[in-house]
Structure formats: structure tokens, C-alpha cells
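Visitor: Protein chains in written order, with this note's numbering: chain Y, 1 to 312; chain P, 1 to 312.
Keep in mind the hints are simulated off the structure, nothing from the lab. Hints may contain errors.
If chains are identical, the list can't say which one is meant, so a pair holds when it fits in one copy or spans any two.
[Claimed, not checked] Straight line, CA to CA, 25 Å or less: simulated SDA-like cross-link-like pairs of lysine to any residue:
(1) K16 to R271
(2) K16 to A261
(3) K115 to G142
(4) K115 to T98
(5) K115 to P281
Protein chains: 2
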Amino acid sequence: MTTPARRVGIDVGGTKCLALCLDDDLQVVGEARRPTPKGPDAIIDTLVGLAEELAPFDTIGVGVPGLVTMDGTLRAAPNLVDIRDFHVGRLLADRLGTDVHVDNDATCAAVAEWKRGVARGSDDFVMVTLGTGIGGGVVAGGRLVRGANGFTGEIGHMVVDPTGPPCPCGRRGCWERYASGSGLGRLARDAAAAHRLTRVVEIAGSVDDVRGEQLAVAAREGDLEALEVFDEFGRWVALGLANLTNLLDPGLLVLGGGLAASKDLSSGPIRRWFAELLYAPELRPHPRLEFAEMGERAGAIGAALLPVVHAL
Amino acid sequence: MTTPARRVGIDVGGTKCLALCLDDDLQVVGEARRPTPKGPDAIIDTLVGLAEELAPFDTIGVGVPGLVTMDGTLRAAPNLVDIRDFHVGRLLADRLGTDVHVDNDATCAAVAEWKRGVARGSDDFVMVTLGTGIGGGVVAGGRLVRGANGFTGEIGHMVVDPTGPPCPCGRRGCWERYASGSGLGRLARDAAAAHRLTRVVEIAGSVDDVRGEQLAVAAREGDLEALEVFDEFGRWVALGLANLTNLLDPGLLVLGGGLAASKDLSSGPIRRWFAELLYAPELRPHPRLEFAEMGERAGAIGAALLPVVHAL
């Protein structure tokens, strides 16, 4: 590239849309945000407004939560109101008069870590976002893996126990029933119901009110029962990471999402269990396990870089 | 390429080594086979002998069973005697005076289907070999996925039930405990021990002698109890295939290995359960599910094509 580029990226979240403009050095040179409105028309208006705030720009990318096709259609999005077969890429391109690249928000987070964060220089890595659910992005052989339809990375619904608890998706024992933020809360409430979390229940007020946050408070006080639940949680996280490693042999695993906030508690158990659950651990280099660096701007930064990585 | 090439591929199996020579049209123009001897030195002698039988040739590739590094070292191979850190690529290159490409046998099978078989023209597919164990190969975005170390595709050890039966690998509930040839035998013996397989036990002589073969005989007679076990087997195969699809979104899944012999019995259950176990099945095109075409020559054909696909 010979002329400096201004790349806009917009992350469409459940409550707000964050737009950033990056320069050629991938530094943030513009920022705007608006609440996420309800319905496809209002979302397009919001995205156009954000893009105009950051104009002029050379390329634009959008990250959205859910299944995104290769041509930029959001098939469904559990956290957005009235969204089904939302042709966000085409509609926004028509309004702006320029190409628009669209991808899943976890994929955008992976791109951000790859180009600006902890995965810089890595040709083979998997990003796992541990939030309310689990999302993912895959880079293999120096290229973003998109799949036949653009849906690569729906790793939260990897079934890890077919007789496990029901998942809203209709199956049982999906990985995100255990290894996400809601999974941690469920593991904690199960332990509390079995009278294994005295201190946590004291903090929460009742078994039903137990959440990951109170578990973390008790664990940081040194409460052994709370630390045991983090160990169990770490085992479930590690189980999925080992499965991913057996399949894809990444050199690096990046953990992002809200759960990164309790990495002081989960990192040790995840690492220990990972070494036990990986196939043939004595015969292979283990992937590095790192926490994401990009924070809450990851989605918008990755969205801005979609036109670059989609072209690789 | 402007001059016609002769490409040799050798598949090193547990009992025999099969060597083929392919021409530019990927037709087999030479073939040789020898028993697989014991120990690294004898194997190298055998491979040199096979290569010389098919000389002259332009490129050579070797498929071996086990974990193969990017530089052609076989770290370990459960089915070969006295093999550990076997530098097959380097040793053979020294003897032949030419580059040697080495990869895992399931990866070779994937390459054969990709370039000459049922996956021709596919840019995103996963090959799954259901034999004694389960192996795999992954093509994404039109390129073979190798991973950071060359170990991509160890999908048999994806844990699908952490409290499941022990696996020789040291973990529990690995996919190949259910969805391989030995998994089918185990499911059948469990059913027989629970008095659910009268006809199969009659054929086998005793519960302990029940294998997949007798199960298939009874199922083809229309025995409902035997068909039920094939349904259970199909569910486990489908569970792993759905997990792979959620992660990688292939346009095609290719099933190979010895289990393809009972595809008349397993294909229906696998397809039915796959549609139930896939995430968001109503929102996406499902990958095509096909059985491998290349048969027992797949490994050698794919090995011959390693120099081509490793360069992509």
C-alpha cells in the first residue's frame, strides 16, 4: 500500500455500537459510539451515522454477534432484537457506496489479537472468547479460516458430554454450558446446592443468587471451596482447549471475553488440566496459552482489519 | 509444470508398505509392495528398495501412521515396532539424494480424496478415517491445514464424554472409544452383556467374542437389536462430525477407513443424528457427507501428492 489508509471498524454489541478508525500503523485515530437500537433499519441508520462521524475513510468492516455468511448476512443473533437474515453488509454498502466487510464478533476479536495483540506474528492460533457464551476464531497457515459458509468458530456448541445439562440451542452438554461465564455460575450454584460453598452463599445471600462474581470474591479471600469450583471450571475450559489442539495443532491459544477478568483464579487450573487432557502431551510442544490484550475494543479493531484479512 | 512428472508415494502400514507412481494425470503408472519390517533401519532399507523399483521419479512422499512433525520426523507410531523419533524424512532423503515429504497417513488419505477422489474441487473439507482408531485431515480455504507442528487432525482423541470409558491414551471418553471400529465392537459387547443382542451373540458364540462384523451380519438379516446398536454408533459418529462442523464449517465431510465397509448400515443413522446434533441446523447449509472413494490405495496416492500440497 502506498497511500496512508483510514480503516473504520464497528463492533455491534447487544447494548452499544463502538466505531473506531485505525491508521496505517493500526493506531486508533477516531472513535464514536452509540446505543444499539432495535431492528434492522434502525441498526443500519446507526451504522451509517457512525461511519459518517469517522469519515473520510478508505475501508470499513463490521463485527456482529451471531452466524454471519460469507456475503455479510447475519443469519441470527441471540442478543439482538428482531434480527433474522439481516443483510447488514449489502444494506450498509448501498447506503455508503463502498464495500463493507462483515464477520462474527469473536472472529473480529481474533483478528485484533492477530494483527495488534498477543497473537502478533502467529500463523496458527485459536482465539476463544469466554463470555456469556463461547465464541471463537481460527487462524491456520497464516490465514483466517472462514469455512465453506463463513461460520467457522462456533466452538461453544462443541458437545463435551451428551448427557450433560440442556443448552438453549437444543442439545445437551455443549462446551459453553461449562466453560463460559454462565457455565461458571452454573457450576457454582450446583456446588452451593450441594452445600459445598458456605462462604460464597453467605456473600450472595442465597444459593439461587450465586454468580461467578461472588465465587471470585470468596476465592480471592482464599476460600478453599470456591477455589475448588475454579479448579473444576478450569478443567472444563482445558477439556475444550485440548480438543481444539488435538484437531488443529495451534501454536497459541488466546483466551478473551469477560472471563479474562478472573484469569488470576482460572489460569493455573486451566494450564494444569490442559497438560493432562491434551493427547500425547509428552510427544509434542504445547501451544502457548495467553490471555487477550485488546480488551473491549477488540471487536471494533478486528472489524476495521477485516478488509485486510479477508483478502489474504 | 511443463515436463511430465513421475511422483512416487509410499504408504507405510502396520503390516505392509505400498508404493505407487503417479503420472501428471494422477494415474497409477507403477506399483510395488513389501512387508513392513521391524525397526527404523530396516524400514528405511525397505523404503529405499521400493523407491528404486519405481525409479526414475521426480518427487517422493511418504505416509506414516502417527504424529509427524513438519520436518518429517515420526514422533511415535502405536502400530509400528520400535519406532520413536524416527527421522524418516531426513534418513530417506540422505539415502535417495532428493527431498522427501512425509505426513500422517490420515492426512495422506485426505489429500488423495481431495486431488483424485470424492473431495475434488472442495476448498473446505474434513476427512475422517474410521478404522481401529480415528484419524483426520483438514483442508481449509483451499489449503491443507498442517498446524504449528504438523499434528493437525488428531481428532480421535477429542473428548466427548469426560466420564466415559478409559482410552489407551490415558484419558476418558475419547471419540474413538465410540465411533471407530473398536468403538463399534465395544458398543456391541456392552449391548450383548445387557442381553440386548440375542442373535449377534448366537452368531459370535459368546458375548466376549462379539465384534462389529457379526453385528453387521445380524443387522443385514434385519435384526432389530443389531440395528439399534448401529443407530447408537451412528449417533456417536455424528456427534463428533457435528463438533467438527461447528468448529470448521466444512462444505464436505468425507468418511473413510475400514468402517466404510458397513456404510449401508451406518450411513442412515449418521445422517439422521448429524442433523439433530449440529448447532443451528435450520440456519445453515449442511456439509455434504460422503464416503471415501480411494480405498486401500488412498495413503500411497496421497503420499505421492504431498510435495504438491505442501507447497500450496
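Visitor: Please go over all the hints and tell whether each is borne out by the structure.
Guide: Going down the list of hints, with the structure as the test:
With identical chains, the CA atoms of K16 and R271 are never at most 25 Å apart, being 34 Å at best within one copy and 41 Å at best between copies. Proximity of K16 to A261 under the C-alpha cut-off of 25 Å is restricted to the intra-copy arrangement: shortest distance 20 Å within a copy versus 54 Å between copies. Taking the shortest Cα distances, K115 and G142 sit within 25 Å of each other both inside one copy (11 Å) and across copies (22 Å). When the C-alpha separation of K115 and T98 is checked against a cutoff of 25 Å, the pair qualifies only within one copy, where the shortest distance is 23 Å, while the shortest distance between copies is 38 Å.
For a Cα distance limit of 25 Å, the shortest separation of K115 from P281 qualifies neither inside one copy, at 29 Å, nor across copies, at 32 Å.
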